[in-house]
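K.L.:
If you want the building blocks of each chain, they are given just below.
Protein chains: 4
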Amino acid sequence: MGQVKKIGVLTSGGDAPGMNAAIRAVVRAAIYHKLKVVGVKQGYHGLIHDYIEPMTSRSVSNIIHQGGTILKSARSQSFRTPEGRKKAFENLQKHNVDALVVIGGDGTFTGARLFGQEHNFPIVGVPGTIDNDLYGTDYTIGYDTALNTVVEAVDKIRDTASAHSRLFFIEVMGRDAGFLALRSGIASGAEAIMVPEIDTDFKQLNKFLEKGMRKDKNSSIVLVAEGEKISGGAIQAAERVSKEYPGYDTRVTILGHIQRGGTPSAFDRVTASRLGVSAVEALIDDQKSIMVGLVNKEVVHVPFNQALKHKKKLNPTLLELTEILSI
Amino acid sequence: MGQVKKIGVLTSGGDAPGMNAAIRAVVRAAIYHKLKVVGVKQGYHGLIHDYIEPMTSRSVSNIIHQGGTILKSARSQSFRTPEGRKKAFENLQKHNVDALVVIGGDGTFTGARLFGQEHNFPIVGVPGTIDNDLYGTDYTIGYDTALNTVVEAVDKIRDTASAHSRLFFIEVMGRDAGFLALRSGIASGAEAIMVPEIDTDFKQLNKFLEKGMRKDKNSSIVLVAEGEKISGGAIQAAERVSKEYPGYDTRVTILGHIQRGGTPSAFDRVTASRLGVSAVEALIDDQKSIMVGLVNKEVVHVPFNQALKHKKKLNPTLLELTEILSI
Amino acid sequence: MGQVKKIGVLTSGGDAPGMNAAIRAVVRAAIYHKLKVVGVKQGYHGLIHDYIEPMTSRSVSNIIHQGGTILKSARSQSFRTPEGRKKAFENLQKHNVDALVVIGGDGTFTGARLFGQEHNFPIVGVPGTIDNDLYGTDYTIGYDTALNTVVEAVDKIRDTASAHSRLFFIEVMGRDAGFLALRSGIASGAEAIMVPEIDTDFKQLNKFLEKGMRKDKNSSIVLVAEGEKISGGAIQAAERVSKEYPGYDTRVTILGHIQRGGTPSAFDRVTASRLGVSAVEALIDDQKSIMVGLVNKEVVHVPFNQALKHKKKLNPTLLELTEILSI
Amino acid sequence: MGQVKKIGVLTSGGDAPGMNAAIRAVVRAAIYHKLKVVGVKQGYHGLIHDYIEPMTSRSVSNIIHQGGTILKSARSQSFRTPEGRKKAFENLQKHNVDALVVIGGDGTFTGARLFGQEHNFPIVGVPGTIDNDLYGTDYTIGYDTALNTVVEAVDKIRDTASAHSRLFFIEVMGRDAGFLALRSGIASGAEAIMVPEIDTDFKQLNKFLEKGMRKDKNSSIVLVAEGEKISGGAIQAAERVSKEYPGYDTRVTILGHIQRGGTPSAFDRVTASRLGVSAVEALIDDQKSIMVGLVNKEVVHVPFNQALKHKKKLNPTLLELTEILSI
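As they're listed, the protein sequences go chains R, Y, C and L. Those letters in the first sequence? Residues 1 to 327, per the UniProt record's numbering, in order. Those letters in the second sequence? Residues 1 to 327, per the UniProt record's numbering, in order. Those letters in the third sequence? Residues 1 to 327, per the UniProt record's numbering, in order. Those letters in the fourth sequence? Residues 1 to 327, per the UniProt record's numbering, in order.
Derived from the structure by calculation, the hints contain no laboratory data. It cannot be assumed that every hint is accurate.
Any copy, or any two copies together, can satisfy a pair, since identical chains are not distinguished.
Straight-line alpha carbon distances no greater than 16 Å define the calculated EDC-like cross-link-like pairs of lysine to aspartate or glutamate that follow [unchecked claim]:
hint, residue 1, residue 2
1, Lys-313, Glu-298
2, Lys-312, Asp-138
3, Lys-6, Asp-199
4, Lys-34, Glu-323
5, Lys-313, Asp-176
6, Lys-203, Glu-298
7, Lys-94, Asp-50
8, Lys-41, Asp-176
9, Lys-297, Asp-138
10, Lys-297, Asp-176
Whenever a hint applies, use it, and build me the whole structure from the sequences.
P.N.:
So this is what it looks like as structure tokens:
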């Protein structure tokens with residue numbers, strides 16, 4: 001490849017708070033290291049349609065605290081075809097871009113791996129998703145903010161749950177992983193948590209509900225991951241409980257897209273800043289087809305192949321905590 | 001009746017942020033004016049079941065900032081019967097309570113009016129509901145906080161709407177009134193607002209959507225009041241638009257119960273404090289069967305009859321604002 | 001003057017949350033009514049230095065929720081001279097601007113009044129200041145947000161005050177007016193409030209402190225307006241109390257500039273939107289040398305002369321509330 | 001000692017958000033493991049004065065989200081004397097308490113180590129301080145919340161800094177450590193950070209200021225740790241810069257006690273829950289004179305001796321980030 005002189009940066013897939021902090025870090029690290037840098041609008045879609053423009057230190061002023069992504073994101077069917085990727089490559093060549101930083105989740109990295117191999121093009125990925133479901137990094141950008149958003153919402157719902165002695169089922173995002181549900185459940189003092197990774201939820205929930213009725217408990221919160229499979233979601237879980245335990249006054253709230261937005265937390269901003277800078281330095285160090293991640297507080301390089309092949313596991317200690325803490 | 005010596009306070013109906021600030025004001029104003037004061041738990045239900053306990057200045061320490069209601073709220077079928085109300089009256093007599101402050105919405109006041117007439121018992125109502133749908137007061141306690149909660153949620157959703165160029169339909173509470181949707185729509189810069197009070201929503205929405213497509217607009221937010229009748233809610237509105245304007249990538253979020261909770265805003269705390277104190281002073285002044293309200297920054301007394309008979313109107317000026325501001 | 005065809009908008013003086021919402025409203029209302037519109041950067045300073053640029057509906061997209069002012073603000077000594085104002089007038093003529101909307105406080109309106117008279121130039125003012133000290137409007141833009149910011153800060157400080165049984169003196173902004181201190185004091189449940197408008201503060205404070213010591217009260221908050229004159233500020237008040245009541249563990253916090261920033265509240269955004277639109281419509285209706293204000297929920301026109309001559313009064317009812325509520 | 005049957009829990013030193021979540025975890029874990037549990041009010045002071053009361057699962061309901069500490073904290077001169085500690089020991093014996101969990105910082109652990117040795121009493125410490133200055137744990141409880149509080153405050157100040165093109169010096173807590181200043185500085189996009197651990201601040205700051213003046217930069221934020229020694233604090237630093245660079249319009253804000261309060265973040269609540277449970281389990285496992293900490297996401301046991309002897313180091317990578325990111 002020779003030496004990197006000009007890099008591009010894009011965001012792809014579902015947006016996550018902190019993506020702007022990552023873009024800022026990529027752009028400023030590039031400039032700091034005397035590289036030129038362009039921004040690609042709308043992810044791979046923009047790569048194909050040549051939505052490419054130069055970026056300066058000023059382009060990323062005053063964005064570190066903004067949710068969403070100033071580069072926008074979009075789905076691209078076309079990038080799944082060799083023709084689409086060829087067009088993307090030609091656009092990169094036209095702009096003399098010789099390396100890419102892509103910010104996103106596993107869909108983003110799957111595309112990046114393929115493109116990188118096909119065109120021998122250096123790409124480094126930065127993990128940005130509220131789901132925290134990427135193997136090879138302790139935390140993904142946006143996860144901590146989404147946790148705080150969920151916890152803040154549950155705090156509000158508990159006000160009204162307590163006022164009326166109700167049983168609330170609250171559905172949170174996370175796709176087929178339970179990270180968001182598990183941690184936000186512990187942090188919000190949920191009485192039960194239903195995640196895709198565990199099958200025995202209903203048995204535990206039943207135990208809890210029977211105990212709760214005996215204790216004449218005031219109000220209860222059950223956090224349900226959207227990917228939870230036994231019940232099929234918060235609405236179904238609530239219906240089932242209503243039938244089996246008619247003594248409970250159940251309610252359902254699906255938190256929805258508020259979980260993707262908002263001002264990023266301090267933690268996400270620092271993580272995004274570190275990983276953004278590290279992604280650029282990895283390209284300078286001639287790395288490719290890797291994701292930069294954070295493991296035990298240190299930046300690591302994880303081949304896309306590894307990040308995409310393995311499934312990150314829930315921390316079993318955290319799973320046990322709920323049982324202890326809802327006593 | 002003679003002079004008031006001991007009053008009771010209760011919250012009833014849907015809870016609203018600021019109810020605790022109102023309870024605190026009632027309790028402390030009573031003590032300030034040398035009255036005794038008891039709290040009734042779980043509204044009219046607790047009145048019938050004798051959930052009555054003395055309150056001191058300390059009982060309401062450190063609650064001004066808490067959402068929900070420390071006195072809890074509950075529905076009571078029994079209070080709708082003469083027998084139930086008789087039981088309630090007997091409990092009040094047993095505790096020597098000779099006047100009541102009830103905090104809630106129109107259901108609460110309907111019960112209070114009936115009970116007051118039947119047993120010649122002095123009751124003053126304090127308007128507490130996020131819906132702001134009570135005639136005779138400019139603002140109800142909880143409305144301002146709910147507005148801020150909705151606006152904060154829409155701000156977050158706009159992050160992701162912008163990132164993906166989507167059209168979001170967001171459903172907010174308000175029962176059959178559009179106050180919450182209208183004001184939060186203006187405050188969040190919504191491109192269109194659908195409220196129960198107006199029939200022509202879809203025509204305006206269509207106009208807006210056609211213009212939006214021509215302008216290649218980035219993202220749009222439509223706020224839908226839960227009581228909106230033409231479409232029947234956010235889900236239905238989104239479906240209809242998806243069919244007629246397939247160019248739009250639509251999404252739906254139903255904000256749900258987060259709107260009822262949360263730390264009350266400064267405005268709601270001050271309103272609750274003023275009205276709580278005024279309710280006690282109205283009882284001391286030998287008033288009954290009235291709601292205390294806030295009109296043009298001054299406290300007013302509104303007979304329950306008037307408050308319940310009339311329907312509060314949306315401000316037509318605000319309705320016009322949306323058209324101007326979404327240009 | 002003839003008919004208005006092109007207007008300018010600027011922000012001046014101390015910034016306030018909601019100024020951007022007002023700018024957005026002015027720009028879009030102008031476009032809605034077929035006027036051209038330019039933005040002046042850095043207030044009167046920019047008028048003199050020709051920092052003037054056209055604005056479109058897009059220029060004000062996605063700013064309704066941002067604190068600060070996209071047009072920036074600055075002091076201008078030069079605008080206090082006839083020569084400076086002449087230069088400003090020439091720049092407006094050069095750009096064919098035939099009317100101005102100025103957003104700010106009394107300093108801003110003083111300059112506007114003078115400039116308008118000297119050059120027979122139509123100007124309408126929009127009240128934007130966190131101090132709420134403008135006669136002729138119930139609320140100024142930014143006041144409600146600042147109230148919420150102060151109350152949120154005091155809530156946090158009360159956590160630590162309670163944990164340690166301390167007496168906190170918290171100084172808030174407001175220049176020589178006590179609006180911010182008074183309302184935020186009530187809303188945060190402050191045990192005492194010291195405002196410039198009242199002389200007897202220390203007597204009341206003493207009474208309270210003696211009672212507090214007898215009751216072995218946990219923690220107390222005293223809100224001090226920065227313009228308070230008897231003690232001269234929170235630091236001095238705390239020192240005085242420390243000497244006279246050595247039993248209290250006193251602490252001081254000066255909230256400072258966080259009070260000027262932050263995402264505007266729903267209330268401020270709606271007020272800003274209404275007043276911004278009304279300012280443009282007033283110019284179209286051939287008005288000049290007025291401030292648009294909000295009185296009893298309706299927009300009013302107040303001559304600059306009146307707004308600047310009178311001093312807005314604190315609501316005496318609110319002053320009494322504190323004594324009742326801190327019992 | 002034999003087997004633990006009854007434990008006590010207390011909070012001591014400066015309070016930190018998340019202490020209540022830790023208390024809740026200790027109490028519930030104790031009950032879960034069939035231990036009895038008492039709460040000690042006001043830390044070591046309460047130990048000496050017998051402010052000891054039984055706790056149940058209900059005593060810690062609805063506190064996970066509250067700032068401060070329901071057990072309160074206080075300084076105790078008396079506990080520094082052998083007599084005081086003897087009295088404390090007698091009180092513990094009187095209540096049949098045979099082990100303690102203490103939540104606090106290094107002062108708390110110093111007292112605990114001494115007391116534990118003197119009376120052969122098992123004590124486990126839980127690190128709770130916003131300063132994050134305890135060796136042996138990656139994070140202390142309260143640090144993440146304080147970071148978010150600082151970052152949110154700086155976001156607000158930047159609104160007004162940008163509006164007026166000012167240079168702000170913001171002083172944050174942290175005692176003689178720079179953890180809070182460093183991370184919040186990166187997260188808030190501060191242009192410079194002054195921490196006690198680094199001597200060369202002014203040189204770097206000067207470089208930055210000269211560059212800034214050349215670039216006509218809009219606004220700048222300098223975060224100053226309260227323990228910073230070269231300048232002696234934010235006020236002094238601002239004065240010095242005002243003299244050397246009269247072109248800058250400088251302002252100072254000392255954030256103060258808001259940093260200690262507020263609803264704990266999701267991260268702090270999870271950490272507090274884990275460490276609280278682990279502390280109880282360590283006592284059951286016959287451990288003593290240790291702090292439980294979190295290192296690389298796992299719970300570790302650190303002897304008080306080690307935790308108190310070593311000084312935790314700032315992450316050098318983070319120090320370099322600022323230079324890159326403020327380019």
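K.L.:
What hints, given by number in increasing order, does this structure fail?
P.N.:
Structure breaks hints 3, 6, 8, 10.
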